[in-house]
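2 protein chains.
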Amino acid sequence: MGTRCSSDSPAPDPGGNCKNTSGLTFRVTGTSRKSRARTGILSTAHGTIRTPVFMPVGTLGTVKGITPEELRNMGVQILLGNTYHLYLRPGINVIGRFGGLHEFMNWDGPILTDSGGFQVFSLAQMSKITEEGYAFASHIDGSRHLLTPEDTVDIQSCIDSDIMMCLDQCIAYPSDHDSALKALELTTQWAERCIKRKSILNIEKNALFAIIQGGMYPDLRKRSAEELIQLDFPGYAIGGLSVGEPKDLMYEIGESTLALLPDKKPRYVMGVGTPADIVELVESGADMFDCVLPTRNARNGQLFVNSGTINISNARFKTDPRPVDEKCACYTCTNYSRAYLHHLYRNRELLAYRLNTLHNLDYYTRLMEKMRNAIEKDEFPAFKRDFYSKRQPPGKNGQ
Amino acid sequence: MGTRCSSDSPAPDPGGNCKNTSGLTFRVTGTSRKSRARTGILSTAHGTIRTPVFMPVGTLGTVKGITPEELRNMGVQILLGNTYHLYLRPGINVIGRFGGLHEFMNWDGPILTDSGGFQVFSLAQMSKITEEGYAFASHIDGSRHLLTPEDTVDIQSCIDSDIMMCLDQCIAYPSDHDSALKALELTTQWAERCIKRKSILNIEKNALFAIIQGGMYPDLRKRSAEELIQLDFPGYAIGGLSVGEPKDLMYEIGESTLALLPDKKPRYVMGVGTPADIVELVESGADMFDCVLPTRNARNGQLFVNSGTINISNARFKTDPRPVDEKCACYTCTNYSRAYLHHLYRNRELLAYRLNTLHNLDYYTRLMEKMRNAIEKDEFPAFKRDFYSKRQPPGKNGQ
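Read top to bottom, the protein sequences are chains A and B.
For the first sequence, the positions run 2 to 400 when our numbering is used.
For the second sequence, the positions run 2 to 400 when our numbering is used.
Same shape as in the complex, but just chain A (with noise of 0.2 Å):
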C-alpha cells in the first residue's frame, strides 16, 4: 500500500507518479448556504462529470433499449456497469479483447462499477459467505464461482471502470445490530485488501471508492466511516440504502451518514432511488446516485412527470394528442403524443420501450441539472419548494 495516495492529499514524493493512483480528482464548486448541498467537478479518465450527477445503469454493457450516442445528446455524463453481470456475460476474457467495456459498447464516457456484491447477494444462489470472498452459484447457469476482494478489482480493471468499487457485504433489511457489525468488519477488511489489489496491479487510471456499512445503526455507520476514511479513499459511497426500509430511516441514515463523510471527496449514494430521495439526499451532500427505477419504470410503462408518474397503459391515454409532458423538451415529448406511446406500450411494440426509457432518463439528467444551477445560484430550497409544490410529499408514495 505504499504507492497509494489521494489526490485529495498532496503528493507525498514530488518525486514520484503516485500523484495520480486515485485515477480522479474532486473539486467542489458551489455550495448551498442553507443547506449541505454542493456542486462539484470530478474527473476521471474517461472525461470530466458535474456533480449532483445521476447515473444510468447499464447492466450488461447497455443501457437498455438506447445507444451511447442518446446517451450522450440528452447529457448523460456517466453510466453505471455491473461487475457481476458482466463477469458472467459476456464475460472478462471477452470484455478484455476489446481493452474494457468502453470500446466493447462503444461509449467513450466514463464508467463506474460496482463491486459485485450486491448483486450476489440478492440474484445468485449464495452459498457461502467467508472472509475470503462470496462462493456463490450463477443466477443464469448454476455455475459456482469464488468472488473474491481481489478478484472483483481484477475484474473491474479489466473492465477499465473509471470508478471501481470495493467489495462489501450487503445485508438484508431488517438485520441485528451483531450482523450488521460482523459486515461492516468484513467490508474493511476487503477494502484494505482491494486497495492493496489495485496497487499490486499498478492501475492508476481506474480509481477505487469504498463503500460504508452498518445497516440502520448510526453507531455502525459511524464506525464503518470512520475506518474506511481511515485508509484514504479518492471517493465514499453508502452501500445498503433503499432495501426495504422505511423512507424516513432511509432519509435519516442518509443524512446522518453523509455528514460523516470528507467534504473534499465525491458521497456517492448507491441504488438511490426516486426523484424525491435524490432530491433529499442531495440536500444532505450527496454528490452521486444510480438507480435502475427510470430505466426499469419506462420498460413497465410508468413515466416521470413534475407531478409524480403517469401509467401510459391507463386508458385514459388512449386519444390524448399531447405530449407526456407539454413542458418536456426530450426525444419523445418533442415527437409523439400520450396516445400513439399508448398504443405501442399495450402492443408490447419495441419503440415503447426505448421512447419511454428516453424521456424518464431525460427526466432525471434534467433534474440533476435543475438542482446543480439551483445550488450554483444558492437557491436550492427555492427549488426544493418547487419541486414538491407539484407532487405529494416523501414518505407518502411521492416520487
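No incorrect hints appear here.
Copies of the same chain look alike in the list, so a pair counts if it fits in one copy or across any two.
Pairs of lysine to any residue, SDA-like flavour, derived with a Cα cap of 25 Å:
hint, residue 1, residue 2
1, Lys-197, Leu-187
2, Lys-319, Asp-152
3, Lys-319, Arg-145
4, Lys-35, Tyr-389
5, Lys-319, Gly-97
Note that these hints are calculated values from the structure, not bench results.
Based on these hints, arrange chain B on the given structure of chain A.
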C-alpha cells in the same frame, strides 16, 4: 365511376378536377436494354419515391424498434402499414383523431397500406368469405368483424395512405384452377367496388392500386391482369406470390405477370422477398416490394451480408471484433463489433433487435440503391453477376 381517371391517362376533361384523382404520378426514368429492369419516380401526396423501392413493414404504426428519423436517415422512402392490424389496434377512431397514420406515428413520408385481406386470410379466424367481404374473428380477442371492399377503402382513407390497396381474395398454395378462378373473379368485383367507394369519398390524394391474383396459373394471371387493367388503376400489384411455392415457380409467375402490366404504371410485387428474389423480379420489371424479412430476421439474429446471411448468435462471433460487414457503412457496422452484437442478442437485450434491424434495413436500402444506379447506367446485368458471384444461385437457399 365517372370521375375516376389515372394520372397516366390524359385528363378527359381539362375543365374538370379529376386529373389527380389517382393521387399519384409515375415516370419511368431509366431502362435496362438487356432486361425489363427500370427506374422511375413515383410522386405521392407525401413525397416522391425513386424506384425500384423496398418498403419496410411497419405493421402497427412502427417499424419495430426503429424511429422514423432513423428510417429517413438511412434513405427509406416509403413505409408499409397493415390495415388489418391498424384497424384492430389502435383502431381507426384513434388514428382518425390524428388525421391519419403519418401524424400518429410521426412519419411524414409516403405510406402504403395493404387492404387487410392477406392478414385476414393468414391470421384471423376466418369464418366466412362471401361476395360481401370477409367475416372474421380477430386473432387478438376473437371479436367478430366484417371487412368489405368499401370498408378497406374507408379504413385506408382514414389512415390517409398515400397508396391504398384494393381488397383481394387470397388463396393458399397449392389451389386448384377453379378456386383460383373464383378468387380472381371476386377480386375483380371487389376492385370495382373499391374504385366506386374511393370516388364517393372523393379522396384524390389517396391513390388506389389493384392486386392481380390467379394463383400459379398463367391463364388466370392473364385474365386477372386484363380485367383489372380494364379498370385503369394508377398502379398494379401482384398478390399471392411467396406463399409456399418453389422459387422457380415464383420467378416464372412473377416474370410472366409483370410482363402483362402497363409500362407506364408502377408494378408492385407484394410480400417479396429475399435479396435474390428482389433482384430477379427487378430484372423482370418490378418497381416496388415489401417484406418482413429484413426486420423479422433481424429480431431472430439473422443478418444480411453480401455472401448471404450470418446468424449473430453463432458462438464463432463471441470475440469477433469485426463489424457485421466490413464494407457496410450503416450505424451498426460503423459502431459495433460482431462480439458486441452477439452478446446483446444472446442476452435478448433490446438494443440487439434495434441494431440488427438497422443493419438489415440498411442492407435492403443499399441493395435497391445499387440496382437503381446500375439500371441508370444500363449496367444491370453486370450488377446481377456481381450480386450472385458472392452467393449461392437462386433456388438453392440463396438470398
